[in-house]
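> Here is how the chains run, residue by residue.
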Amino acid sequence: MKCTCYGYAIIVFFALSLTYSIPAQSADMTAYQIVKKSEDLLDQAKDSKADMLMILVNNKGQKRERTLNAFVKRYGNNKSKSIVFFSSPTDVKGTSFLVWTNEKKEDKQWLYLPALQRVRQISPSGKGESFMGTELTFFDMGSQDIDDYTYNLIKDETVKGELCYVIEATPKKVEFYSKVILWIRKENFIPSKADFYDTKGQYQKQGIFENVKNIKGINTPTHIEMHNVQNGRATMIELSNILYDSGLKEDIFTERYMTRGN
Amino acid sequence: MRFIGAVLIALLWIGLTSLKTEAFQYEGDKGKLSLTGYLEGKAVYAFDGDTPEENPSVELGLELKASSASWLSTKIFLQAVDDGKVINPKNKALFNQFDRIYQDKNPYVNINEAYLDIYTGKVDFRLGVQKFAWGRLDEINPTDNLNTMDLTEGGTNDEIERKIGVPSLKINMYSDLANVELGWVPVYVPYRLPQPDERWFPKVLKPPEIIKTDTLVGDIPVNTIYQDIDLPPDTVGNSEMGVRVSKYIGGWDISCSYFTGYDTLPLMDAPVDLTVKLLNPLALDYQINAQVTMVPEIHRMDVFGFDFTTTMSSFTIRGEYAYFKNKYYNQKLDPVLEQLVTKARQDEIYKDFIVKYLASGGRDNVQVYHIDPHIPIQEDSMKYGLGLDYIHGDTSVSIQCIQEFIPNYDEDKPVYFNKNGVDTMLTFLFKQFFLQNTMEFNMRAAYDIEFQDVIIKPSLKYNFTDNLQGTIGVLFISSKYNDSLLGQFDDNDEIFAKLRCAF
Numbered sequence: 001m002k003c004t005c006y007g008y009a010i011i012v013f014f015a016l017s018l019t020y021s022i023p024a025q026s027a028d029m030t031a032y033q034i035v036k037k038s039e040d041l042l043d044q045a046k047d048s049k050a051d052m053l054m055i056l057v058n059n060k061g062q063k064r065e066r067t068l069n070a071f072v073k074r075y076g077n078n079k080s081k082s083i084v085f086f087s088s089p090t091d092v093k094g095t096s097f098l099v100w101t102n103e104k105k106e107d108k109q110w111l112y113l114p115a116l117q118r119v120r121q122i123s124p125s126g127k128g129e130s131f132m133g134t135e136l137t138f139f140d141m142g143s144q145d146i147d148d149y150t151y152n153l154i155k156d157e158t159v160k161g162e163l164c165y166v167i168e169a170t171p172k173k174v175e176f177y178s179k180v181i182l183w184i185r186k187e188n189f190i191p192s193k194a195d196f197y198d199t200k201g202q203y204q205k206q207g208i209f210e211n212v213k214n215i216k217g218i219n220t221p222t223h224i225e226m227h228n229v230q231n232g233r234a235t236m237i238e239l240s241n242i243l244y245d246s247g248l249k250e251d252i253f254t255e256r257y258m259t260r261g262n
Numbered sequence: 001m002r003f004i005g006a007v008l009i010a011l012l013w014i015g016l017t018s019l020k021t022e023a024f025q026y027e028g029d030k031g032k033l034s035l036t037g038y039l040e041g042k043a044v045y046a047f048d049g050d051t052p053e054e055n056p057s058v059e060l061g062l063e064l065k066a067s068s069a070s071w072l073s074t075k076i077f078l079q080a081v082d083d084g085k086v087i088n089p090k091n092k093a094l095f096n097q098f099d100r101i102y103q104d105k106n107p108y109v110n111i112n113e114a115y116l117d118i119y120t121g122k123v124d125f126r127l128g129v130q131k132f133a134w135g136r137l138d139e140i141n142p143t144d145n146l147n148t149m150d151l152t153e154g155g156t157n158d159e160i161e162r163k164i165g166v167p168s169l170k171i172n173m174y175s176d177l178a179n180v181e182l183g184w185v186p187v188y189v190p191y192r193l194p195q196p197d198e199r200w201f202p203k204v205l206k207p208p209e210i211i212k213t214d215t216l217v218g219d220i221p222v223n224t225i226y227q228d229i230d231l232p233p234d235t236v237g238n239s240e241m242g243v244r245v246s247k248y249i250g251g252w253d254i255s256c257s258y259f260t261g262y263d264t265l266p267l268m269d270a271p272v273d274l275t276v277k278l279l280n281p282l283a284l285d286y287q288i289n290a291q292v293t294m295v296p297e298i299h300r301m302d303v304f305g306f307d308f309t310t311t312m313s314s315f316t317i318r319g320e321y322a323y324f325k326n327k328y329y330n331q332k333l334d335p336v337l338e339q340l341v342t343k344a345r346q347d348e349i350y351k352d353f354i355v356k357y358l359a360s361g362g363r364d365n366v367q368v369y370h371i372d373p374h375i376p377i378q379e380d381s382m383k384y385g386l387g388l389d390y391i392h393g394d395t396s397v398s399i400q401c402i403q404e405f406i407p408n409y410d411e412d413k414p415v416y417f418n419k420n421g422v423d424t425m426l427t428f429l430f431k432q433f434f435l436q437n438t439m440e441f442n443m444r445a446a447y448d449i450e451f452q453d454v455i456i457k458p459s460l461k462y463n464f465t466d467n468l469q470g471t472i473g474v475l476f477i478s479s480k481y482n483d484s485l486l487g488q489f490d491d492n493d494e495i496f497a498k499l500r501c502a503f
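First to last, the sequence lines map onto chains A and B. No gaps in the numbering here: position 253 of the first sequence is 253 in our numbering, and each next residue is one more. No gaps in the numbering here: position 310 of the second sequence is 310 in our numbering, and each next residue is one more.
Just to be clear, a hint being listed does not mean it is correct.
[To be verified] Dumping the calculated DSS-like pairs for lysine-lysine here, alpha-carbon to alpha-carbon at most 27 Å:
#1 A:249 - B:75
#2 A:93 - B:65
#3 A:108 - B:431
#4 B:431 - A:63
#5 B:343 - A:93
#6 B:131 - A:93
#7 A:46 - B:122
#8 A:93 - B:30
#9 A:93 - B:457
#10 A:108 - B:247
#11 B:419 - A:93
#12 B:122 - A:93
#13 B:122 - B:65
#14 A:63 - B:203
#15 B:277 - A:60
#16 A:93 - B:498
#17 A:249 - B:30
#18 B:32 - A:73
#19 A:160 - A:173
#20 A:79 - B:122
#21 B:498 - A:63
#22 A:249 - B:247
#23 B:122 - A:108
#24 B:332 - B:203
#25 B:203 - A:249
#26 A:73 - B:431
Think of the hints as simulated: they come from the structure by calculation, not from any bench.
Hey, can you work out the whole structure from these sequences and the hints?
Structure representation (structure tokens):
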């Protein structure tokens with residue numbers, strides 16, 4: 001159980017981190033500047049919370065659902081705390097997962113399993129691993145250093161009626177992907193889709209970011225999909241009840257709330 | 001026959017679960033209410049047909065949670081059980097009782113937990129039937145003593161299932177300095193045991209059927225009676241209390257704890273009534289029968305504990321230590337009983353018998369001698385352990401080494417589950433998820449170094465849907481001894497299958 005819960009907290013961060021983009025005067029921007037612009041806006045909201053529905057689809061089309069509530073609080077300098085509470089299915093209901101992130105130190109993580117009634121500190125899992133059976137890896141969901149990649153603006157392309165920059169991101173050191181192709185909407189700088197290539201250079205999976213809603217002035221994609229073309233599986237994520245800067249209390253991100261529930 | 005029952009249950013469930021099951025949930029301005037639950041069936045196939053059988057069991061669990069304000073909530077978790085382990089129930093009560101060791105009932109309702117939570121600024125209160133969870137080790141927590149144990153499955157089931165919810169008050173205080181948890185159990189709730197004829201009754205609590213003597217009397221037949229517990233008066237002095245102070249410092253979760261109360265596991269004295277009958281006065285030919293009454297005892301003890309968790313690289317390290325002051329242990333029964341009927345002791349009895357026999361004018365040709373061997377003996381001890389976890393994606397591995405040490409061990413008074421003052425247990429847990437977490441392989445194992453006990457419990461769990469889950473597994477136990485912790489269940493190897501429908 002514990003190994004698969006990792007990352008739920010971060011997925012919210014991941015999903016929302018893709019959203020803090022605003023229209024820019026982009027006539028002569030380089031690929032790096034386009035990506036950097038999003039990066040610079042990541043810490044705009046001091047806190048956020050959302051309900052999530054995750055749908056896991058296997059290669060036979062069978063679906064399984066997970067629902068959870070997620071809370072994130074940012075402190076600047078890449079410090080943050082996040083906590084998620086699992087609502088369903090019943091065998092994981094009541095489970096909670098807390099992460100304290102500090103750029104200069106290793107993440108600290110705690111897991112509460114109602115079946116054990118104990119909060120336990122756990123070590124971060126392998127970044128290349130899938131979590132909770134989804135097509136997202138811990139690496140996908142973690143915050144990544146923009147300077148770990150080189151960027152190349154390939155062309156402009158229209159995706160579902162929206163004009164996008166097409167940018168190739170190549171890691172300076174290949175660990176999990178050999179390259180990622182990003183489609184970033186020109187209108188609001190929100191990614192529209194992303195193609196991921198494995199370390200052997202083979203096309204592995206595609207991320208899709210849709211249903212953009214303006215919430216408290218922040219454009220937010222509320223429907224995210226990840227399709228793994230190699231194994232035929234997919235993961236869909238629906239975000240709802242999103243709130244930014246609602247003044248989340250500090251003690252939500254503690255053992256007390258892990259056991260108490262949200 | 002047992003498997004036929006299991007198959008019928010399985011078919012019934014498949015029929016039931018083809019319907020989409022939904023929990024009841026309400027969320028409004030004035031609060032939240034949810035009712036969830038499960039229906040679970042279990043079938044067991046025993047490898048050894050001579051061991052007591054276990055029929056298929058069915059369990060319905062219902063959990064109600066409600067909150068009417070941000071500061072008030074309640075939880076009630078009830079289990080209605082048709083328990084296949086209980087073969088010949090005599091107790092007609094519906095609910096499991098908080099004052100009995102031998103519940104001896106089927107079907108029954110168990111109040112797993114039922115409590116009220118009150119949250120204030122920096123203090124939380126929980127009042128009602130609840131389970132505490134202290135310590136950092138898996139399954140064996142020497143610092144965790146506020147709840148007693150349900151041993152009707154021999155302790156082979158999960159820790160949370162073994163633990164008995166106790167009526168109590170818990171107060172949690174939170175501050176930047178440290179978090180403090182106080183637990184108060186006003187009335188001791190005894191551990192639970194199966195009936196002596198059931199599958200998981202501990203063999204060490206069964207006196208021998210005969211006491212061997214080296215005299216002309218030969219073997220003395222033994223009849224055993226099991227008495228339920230006499231609880232101490234309901235006074236504050238007889239209540240149990242614990243306090244635990246926890247703090248997160250530099251990547252380490254550490255706690256110190258203190259507990260004063262009773263042992264969570266069985267302690268039993270075995271007073272013996274020796275019935276001496278003079279068969280032939282001229283030849284001084286005697287017949288002796290023994291009746292052993294297994295009388296539960298409870299003794300107060302103090303436990304001073306310390307535990308910690310931290311992570312290093314990809315590993316989680318956990319540790320726990322407890323010092324037990326005034327703890328009691330059960331002495332091994334056989335040598336104690338044999339000491340009661342040595343030749344010298346018999347000679348004393350015969351001499352006394354003759355005096356009384358003659359004084360009664362030959363009428364008292366049957367006399368009863370009551371002997372109290374005082375089986376539980378007091379030995380201060382300590383128990384400590386270290387655990388290491390490694391998690392990588394869908395794989396997790398956990399190993400632990402847990403040792404009990406009795407510094408002033410008396411070799412002339414051997415106690416159960418300890419050899420010369422030491423008992424060391426190694427535990428191993430391997431978990432692997434497959435098919436997007438649809439399938440889970442779980443391997444639990446433990447090895448006792450001193451007694452060479454082994455228990456291995458591999459199982460495979462498959463989620464047919466989010467609500468329907470099937471598990472099949474094997475329980476294998478082996479030991480060189482038949483009176484060690486696991487060796488007493490050496491014959492209980494079995495295959496088990498479970499089907500669970502959650503809603």
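> Hint by hint, say whether it matches the structure.
Do the hints match the structure? See the list:
no. : hint          : in the structure
1   : A:249 - B:75  : 25 Å, holds
2   : A:93 - B:65   : 12 Å, holds
3   : A:108 - B:431 : 22 Å, holds
4   : B:431 - A:63  : 24 Å, holds
5   : B:343 - A:93  : 65 Å, violated
6   : B:131 - A:93  : 18 Å, holds
7   : A:46 - B:122  : 24 Å, holds
8   : A:93 - B:30   : 22 Å, holds
9   : A:93 - B:457  : 26 Å, holds
10  : A:108 - B:247 : 15 Å, holds
11  : B:419 - A:93  : 43 Å, violated
12  : B:122 - A:93  : 26 Å, holds
13  : B:122 - B:65  : 23 Å, holds
14  : A:63 - B:203  : 49 Å, violated
15  : B:277 - A:60  : 79 Å, violated
16  : A:93 - B:498  : 20 Å, holds
17  : A:249 - B:30  : 22 Å, holds
18  : B:32 - A:73   : 25 Å, holds
19  : A:160 - A:173 : 33 Å, violated
20  : A:79 - B:122  : 25 Å, holds
21  : B:498 - A:63  : 23 Å, holds
22  : A:249 - B:247 : 20 Å, holds
23  : B:122 - A:108 : 24 Å, holds
24  : B:332 - B:203 : 11 Å, holds
25  : B:203 - A:249 : 54 Å, violated
26  : A:73 - B:431  : 32 Å, violated
In this structure, the earlier hints numbered 5, 11, 14, 15, 19, 25 and 26 are contradicted, and the remaining ones agree with it.
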